[in-house]
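A.B. asks: Number 39 in this note's numbering belongs to position 39 of the sequence shown; there are no gaps in the numbering.
Honestly, I wouldn't trust all of these hints.
Simulated restraints, written as ranges between beta carbons of each label pair [as the list claims (entries may be wrong)]:
1) K148 <-> N48: 31 to 39 Å
2) K115 <-> E50: 33 to 41 Å
3) K70 <-> D113: 19 to 27 Å
4) D45 <-> K147: 13 to 21 Å
5) N129 <-> V82: 15 to 23 Å
6) K70 <-> T145: 31 to 39 Å
7) A44 <-> N129: 17 to 25 Å
8) A63 <-> Q126: 41 to 49 Å
9) Q126 <-> G85: 13 to 21 Å
10) V82 <-> K128: 12 to 20 Å
11) R95 <-> Q126: 31 to 39 Å
12) K143 <-> E81: 27 to 35 Å
Hints were generated in silico from the structure; no laboratory data involved. All values derive from a computational prediction rather than experimental measurement. Ideal placement from N, C-alpha and C gives every residue a C-beta, glycine not left out.
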Amino acid sequence: MIKKYLIGIVVVATVFLAFQYIDSSITGLSVKEERVVIYFPRSADFPNTEKAGVVFELNFPAASFKVNNKTADLLLWLDSEVIPGLKVAYDVNERKIKAGLPLISSEEVDLIDGKPHKVIYNFNRQEKNQRIYLDGKLVAEGKFTGKKEGELLSGYAVYDDWRYVESKADIKITGLR
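Can you make the complete structure from the sequences, with help from the hints?
C.D. replies: Spelled out as structure tokens, the structure:
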């Protein structure tokens, strides 16, 4: 009796797993692709929630970032604790700098080219603006509310689902404004 019961459980579990595998391989609906994120160790945060900025001096090698044989999708430079939800990052696939609340995005730029770059993100709650500069050039600006709002970019807004990996890449935060 117990043997039949155990065989029944094994058969049901096998069928369930087979259907789940078939469903995910055909439709992709059951599998949530996990973005590979390189999370740079916290070395600074904003001094207040009203008006501030951060300067990143970067020099990335002209190569891809690998994590467990997967190429990184995102280089996350700052995940603010002072302003929850505010992040500053480089989307490797789209080749765009993304930051702010709500999220603003630069045009396509190549930061993984072996050359030194300076990225500045600043915001002003009273003036309701935020900006991203790359090497002294304004590359993105928009309204700053300090809240997640508007259209969410696919994948970028689901920070809680990302796997964070500590990185030893060369990054230097030179100042807060």
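A.B. asks: Against each hint, give a clear statement of whether it holds in the structure.
C.D. replies: Structure-based check of all given hints:
no. : hint                     : in the structure
1   : K148 <-> N48: 31 to 39 Å : violated, 20 Å
2   : K115 <-> E50: 33 to 41 Å : holds, 34 Å
3   : K70 <-> D113: 19 to 27 Å : holds, 21 Å
4   : D45 <-> K147: 13 to 21 Å : holds, 18 Å
5   : N129 <-> V82: 15 to 23 Å : holds, 18 Å
6   : K70 <-> T145: 31 to 39 Å : holds, 34 Å
7   : A44 <-> N129: 17 to 25 Å : holds, 21 Å
8   : A63 <-> Q126: 41 to 49 Å : holds, 42 Å
9   : Q126 <-> G85: 13 to 21 Å : holds, 19 Å
10  : V82 <-> K128: 12 to 20 Å : holds, 18 Å
11  : R95 <-> Q126: 31 to 39 Å : holds, 32 Å
12  : K143 <-> E81: 27 to 35 Å : violated, 23 Å
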